[in-house]
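**Q** Letter by letter, the chains look like this.
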Amino acid sequence: MTKSIIVFLIAFAFWGCEAEEPVKEDVPELITKVTLTFTPVGGGTDVLVTATDPDGEGVENIKVDGAINLAAGTNYRLSLTLINELAEMSSPEYDITDEVEDEGAEHLFFYGWTSNVFSNPTGDGNIDNRADEVNYEDMDEGGLPLGLATSWTAGVASSGTFRLILKHQPQLKTATSDVNTGETDLDITFEININ
Amino acid sequence: MFLLSFGFAFGQNRCANIFSGRILDESGEPLIGAAIVLDPTGKGVVADLNGNFTLSGICSDLYHVTVQFLGYQEQVFEVRINANVNKTITLVPDVETLKEVVVSEKVEHLETSQNYAVLSGEKLAETAGKSLGESLQEISGVNTIQSGPGIFKPVIHGVHSQRVLILNHGIRQEGQQWGAEHAPEIDPFIASNIVVVKDASSIKYGTDALGGVVIVNPAELPQSPGLGGTLNLVGQSNGRLGTISGLLEGGIKNREGWGWRLQGTGKRAGDYHTPDYFLTNTGIKELNFSTSMGYHDETKGFEVFVSHFRTDIGILKGIAISNLDDLVAAMEREPPQSTNDFFSYNIDEPRQHVSHNLVKVSGHKETDHGDWRVQYGFQNNNRREYDIRKGDLSGVPSIDLKLNTHTLEAEWETPHHPANSLCVGFNGMHQNNVNIYGTQRIPFIPNYVNFSGGVFGVAKFIRKDWVFDLGGRYDYRFYNAKGYDFKNALYDESFSFENVSLTAGASTQLDPNRSLAFNLSTSWRPPHVAELYSLGTHQSAAAIEYGLLLNDTTNEVMDINDVSFQIERALKAVGTYKRQWRNFQFELSGFTNYIFNYIYLRPTGITQNLRGTYPYFRYTQTDALFVGADFTAVWNLTRRIKVSPQVSLLRASDVTNHDVLTYIPSNKYEVAVRFEEPNQFALKKFFVESKIKYVAKQQNAPRVITPRQIQEGAEQGIDVFAGNDQIFDFMPAPDAYALVYLSTGFSIDRKKIRYDIRLAAENLLNTEYREYTNRLKYYADDIGRNFTVSLKCVF
Chain A
1 MTKSIIVFLI AFAFWGCEAE EPVKEDVPEL ITKVTLTFTP VGGGTDVLVT
51 ATDPDGEGVE NIKVDGAINL AAGTNYRLSL TLINELAEMS SPEYDITDEV
101 EDEGAEHLFF YGWTSNVFSN PTGDGNIDNR ADEVNYEDMD EGGLPLGLAT
151 SWTAGVASSG TFRLILKHQP QLKTATSDVN TGETDLDITF EININ
Chain B
196 MFLLSFGFAF GQNRCANIFS GRILDESGEP LIGAAIVLDP TGKGVVADLN
246 GNFTLSGICS DLYHVTVQFL GYQEQVFEVR INANVNKTIT LVPDVETLKE
296 VVVSEKVEHL ETSQNYAVLS GEKLAETAGK SLGESLQEIS GVNTIQSGPG
346 IFKPVIHGVH SQRVLILNHG IRQEGQQWGA EHAPEIDPFI ASNIVVVKDA
396 SSIKYGTDAL GGVVIVNPAE LPQSPGLGGT LNLVGQSNGR LGTISGLLEG
446 GIKNREGWGW RLQGTGKRAG DYHTPDYFLT NTGIKELNFS TSMGYHDETK
496 GFEVFVSHFR TDIGILKGIA ISNLDDLVAA MEREPPQSTN DFFSYNIDEP
546 RQHVSHNLVK VSGHKETDHG DWRVQYGFQN NNRREYDIRK GDLSGVPSID
596 LKLNTHTLEA EWETPHHPAN SLCVGFNGMH QNNVNIYGTQ RIPFIPNYVN
646 FSGGVFGVAK FIRKDWVFDL GGRYDYRFYN AKGYDFKNAL YDESFSFENV
696 SLTAGASTQL DPNRSLAFNL STSWRPPHVA ELYSLGTHQS AAAIEYGLLL
746 NDTTNEVMDI NDVSFQIERA LKAVGTYKRQ WRNFQFELSG FTNYIFNYIY
796 LRPTGITQNL RGTYPYFRYT QTDALFVGAD FTAVWNLTRR IKVSPQVSLL
846 RASDVTNHDV LTYIPSNKYE VAVRFEEPNQ FALKKFFVES KIKYVAKQQN
896 APRVITPRQI QEGAEQGIDV FAGNDQIFDF MPAPDAYALV YLSTGFSIDR
946 KKIRYDIRLA AENLLNTEYR EYTNRLKYYA DDIGRNFTVS LKCVF
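Chains as they are written, first to last, in this note's numbering: chain A, 1 to 195; chain B, 196 to 990.
If we strip away everything but chain B, and leave its shape as in the complex, we get:
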């Protein structure tokens, strides 16, 4: 059985019993996606592609079971579970009293008060063909920092990069996350669901999760014989993008418990298009595959997972600029320089070539003395960035980095008690970053070794109606960095950091319709090598960046003990209130995140070299405050029509300097109206959905100093930054915009194969707009109207 469980690969509470079975319709067809919930535990899962479900770790007791599926009558019954129970459940169509499934994704969690959101099932299917970062934008409170149509970096509650941890199959994703134009190297088609934890409580996964965690969960491997699979075909008009993704999986005959899976994705896009012109050189080429194999039974399991991700991404040609004058010209020009009046799949400089390989081995065993889990991961990340360079050098990457990471984790959890549980464990990481010789540039970041280790403990207990969880961890990180400074002279430095993280949470079900959860956590992160040693310009930024360890005036690399560096630490509080009525339900959460010694790039002045004048930015520390709220709701207007509003509000400020911060996502409001007709003729799950998204103007954007002002100042010998070190931006925040989306789709069943067909239009009105958090906003409009056709076959 392969299970679309929402559980994490790690960290579930288990009793010995397993409650499993199948959910079918009257004709014996599996009801894929039917939801089953076991109360009072609140545990729930969704039936998989064969209608199978499994709930493990069930304590012996009497339970109320609720089974729901859109268009079918809800079934409620009692079941006493003393041993493993297997049950087949048949649902009857309910044409008259069609009711929305309100069992909104119940996720098994160790830390129950975590504020999280899940992208799964239909929602995830709707993002087919998009990158991981772009898909996550569907979740309230999650935004992206974008570098054109192909590069999306997730932002949770206003923080990103080093402050967002991404777990792929339970392994910390380790790439070159430091750059704003470096997107996560994960194929979203490998996920059966993606969980975004929006608080800092995920203490088991290590340091860095100051803003939150993105967890990419695969489906569980099949355990019994049989062959299944999925084929996805996606076509998009804008960029003329084509995606093909296939998955094949099965069990092994006469080898109960063994399962395997093969998966692959190919993607090709060319130049995207704004309402008025092509964005020349914004193509994408991607090829990914993964395979896994494993054995699972009731008390133990073992799994090997191997994946390869490879992408080539073009960056808008018109941003190829050198100094401030070039920037002035580029910003005052539309369409951008080098814009072709024809479409092309060509990917030219500037471009990126990134590959990421992962091997994971994991095992778990449940004994009377506790549950043991161990996993080892090896990641190999290669990143090459090609710029427009002189002559032959255009074919030579200006950045060429290889990053190898080994991670090892082990944890032990008490054999399940309904009321209390304790989990302890450790993580170790060894990382080696190497600059591949031959770039003919002084490397932007040095070679380094990162050796880290941590231990943690998480406890969960129940007092009256409240579930509490407490956790703590200690981490140590050692760095050795070897690189070349501005004079191309070698430096070699070693240092280490250590600190603790703590979390406390509480949640309660006030009554069947209302629940409350709070979490308060403090976590820290060691600085990234890029924040310490960065030197120079990278991928057409028209600005020079200096790391924290470079001397203000001499530019020499200094010892970390001689600079006023302090550990970055976040104190984040999140509260969530959920309420549901017969036809309406909502979730409201508020958060504040105070980050001490927040590391950011601060504009510091202008410098002159023989290529001209450049503004320069220095990594600096300040205290930053992020405050905001997320709101989502579903209103079942009639049996077939539902309205879902979603709001994300965020305000960020630099407390120390009484200033604002840059690249903070603005407030976002959206409302979707959806009509559903589950069973009309041969069409199943027919829907039409219309969505309007309104993105407000960022009112708390930095002051504006245009490149022209800097340039004119420089010509007259005036440093426009003198006497005012407030943060600035080259242009005012773009205006607010509203986009209209329209989509429709349905499913057909033919000979045991299910076809999901979907048509969608994004930016239907072809609105011209620029997004504040898109780094291309200085040069070009965002993309125009896009039509998507997608076909998914499940067999």
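In isolation and in its complexed conformation, chain A is listed as follows:
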């Protein structure tokens, strides 16, 4: 019996004290950078704003690189780019925009803003009420709006906030599913100035 104990003790020592080397995971769900590009429909310079979250799950808050400055009365087309900067630039996980587009039937962008900063759409957006007006320029395969592309006409000179929310609504997305349906993938608020 004593012998068997010794044998076991030796075996224990052989199992070693080093943890197995973990393999680095790709993290496709992490969005660390969101870029809003407002392109003037009649031509002109794009207006770009970016929100970044350099530490992902860390305690640091997100950073927004400035306000959205639009020209009064101008018609813009807004397109969104969602990036995971933790992935390699060549990796398919880098640009999450495509993934959201491919799974359009499960995703929906909601927009909310201070009343009157836009002349079209009017109102304050569909975050508080899904039925409110937002000019979606794209659709999922089921014909429901998605919101990676939208159009906006700036109102008269004013300022306020502009908020976008991306909801993940697997099997929940309908013509009436609202901001409380599903899980939140993005929720960012920007300052907006109409000059």
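Don't read these hints as lab results, they were simulated from the structure. Computed from a predicted model, the values in this text were never measured in an experiment. Even glycine gets a Cβ: it sits at the ideal position worked out from N, Cα and C. Treat the hints loosely; a few may be bogus.
Said to hold, decoys possible - Listed next, the in silico DSSO-like pairs over lysine-lysine satisfying Cα-Cα at most 30 Å (straight line):
no.	chain 1	residue 1	chain 2	residue 2
1	A	K63	B	K879
2	B	K682	B	K325
3	B	K318	A	K33
4	B	K325	B	K888
5	B	K448	A	K24
6	B	K448	B	K318
7	B	K837	B	K682
8	B	K837	B	K773
9	B	K325	B	K972
10	A	K24	B	K597
11	B	K448	B	K480
12	B	K682	A	K24
13	B	K677	A	K33
14	B	K947	B	K879
15	B	K987	B	K448
16	A	K24	A	K63
17	B	K318	B	K987
18	B	K946	B	K282
Unchecked claim - The calculated label-pair distances, taken between Cβ atoms and stated as ranges, are:
no.	chain 1	residue 1	chain 2	residue 2	range
19	A	G42	B	D687	30 to 38 Å
20	B	D687	A	Q171	36 to 44 Å
21	A	P54	B	L783	53 to 61 Å
22	B	T748	A	D65	51 to 59 Å
Could you slot chain B onto chain A? The hints should help.
**A** Structure of chain B alone, referenced to chain A:
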């Protein structure tokens, strides 16, 4: 002979003599469950399925034997034991003076002052079909932390997870205990009894038992030829649950001493139901089997045990939430999102898939120089957690962990002396935790190796009328952890801990009707890797958790020497007083448990990422105090009617911060009235029982900060946590509730087969309620009325 002894697989005092035999009725039928007690040792056992009993380790002396069985006349006689004695005892029915068996479970214990409770026989049979954690709730002082109807984590005197040790067949259960939604991976059908030790004195089993120990004991293996078995069938209306569990065992012809056993359980449940709506996606699928084989004779024994446990558990769909806004919506909505108006057995994301394998080899030998016991165990635990994720990722687990654990234990005990005994031994453990690649998430906990060892000594001695026990142990633990931080950058750290645990106990039988026991113990536990390195969110918690080693501001993983970490240590005192009269007996115990450097998740603030706002929790240390009392009693109102009240009181506080603690079970009161008619026509052991359980509101719940307040604060740029770091909860503690239970049952004997039939109703009045310690309380009501039908065949 296979014996339903209450003894531990380890740690019995033995003299050389064995007192064995059978307990039968006049017609020669075995009296299963008849109790036999040998005084003055107080040792007792219950006759097994064949009426057999064995009391080993009996010193040569003259003894008083008391044999009791419900509905039969008590038999008392004297026996002189100088060598092995085998005796057949026949009991005569006692219709006139039906007396309750008051030989309430006498358990053989090394540490006699331990405060313990046993779930066995009828009580255990009543929990058939329930999970281990849920079954344990029957014991006063034991509660659970629940994550819906399928996940129960035992809580002893207010502490849980890493602070409760579970021994399965004598082996420390090693799974991913750190998560509140991680239940023990044990099939309760393998147990012939479950012992809960409610103090910290179980020094032989290692560190961590700050709150207590749950010991799952199997029946002993058969030693002589013959075939026996049990079949359990359980059906439940709520969740439309079906359970089938079978056991077959026997000896081997011409191989005296050899025995084997095969056992298996299958379980399937679908969506549970509250009084008003389905809890969509709360199904369970479970498949377990075990087998053992061994040889035993009077001085030596050897046994191999192999078991496999596998479960799939669905988690309420409506808790699939991401940020604070989602939580606001989920809490203000009833029924929860995604609730179906139909029943389904489907288990969808979010869900867990857990498997646990155990191989145990053990042996013991009694020599003139002492008794030797050795056991080796290998455990393989796999846990996968699936969340609702983008597209194809839903089929990919967000947590995928494999944990392999080797344990080796050996102990030596002095050859038995009636007055004194000494037991010394060591335990070793090697553990390897690996994150299986492919989750496409930064792992919540790192890969690690845990290498631990300990030595212990326990002494027991008798002075006058008092039995004293003293014990001490030293433990060492080494960790190497390798993981990825928030930037997905690798870290690799090694460190170790060492410390001692001590226990002292004393007990005495003041007179035949009164006994007293005290225990004072101090034990420690090394921190779990999850408490040091946790990063991120897990299974729909809508909160981010950070380990102790993550820097407050930069989030970088720090060296353990650079943080103010201190070992968690408990100082627990328990006192128990037992008293019995002719028709009434009670047990009262009081405890205080002071835990220094208690590690817990403390709400620290709110953080913002691109998905929105989250509250975040940091593992922090404080001094915590748990004070409480347990009371149980049996009052034999008439010969056939008994009333059993049970009370559990608990108060927990954060001493350092003059604050409360979270998820502390509230006070619980229950009273059961039972009518028994042991022999009516062909029906045996007929009973009707009604129980009312009242669970008080937790009056010492944390202050409330609703998600809406946090959210509105965040919108206005106010951190609602600033300037007040008191602990908080998202909602007030739910109101008190009372549940009514009703059950009836009887046994029939037909052609050497015994059938136990039982019908029960839980939450008979279909009361709507929410339990404070159920993590689903934020989203949905608890389950409504449930009917259970169970059939047990013993042959």
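**Q** Any hints from earlier that this structure breaks? Give me their numbers in increasing order, please.
**A** 1, 2, 3, 5, 6, 7, 11, 19, 22
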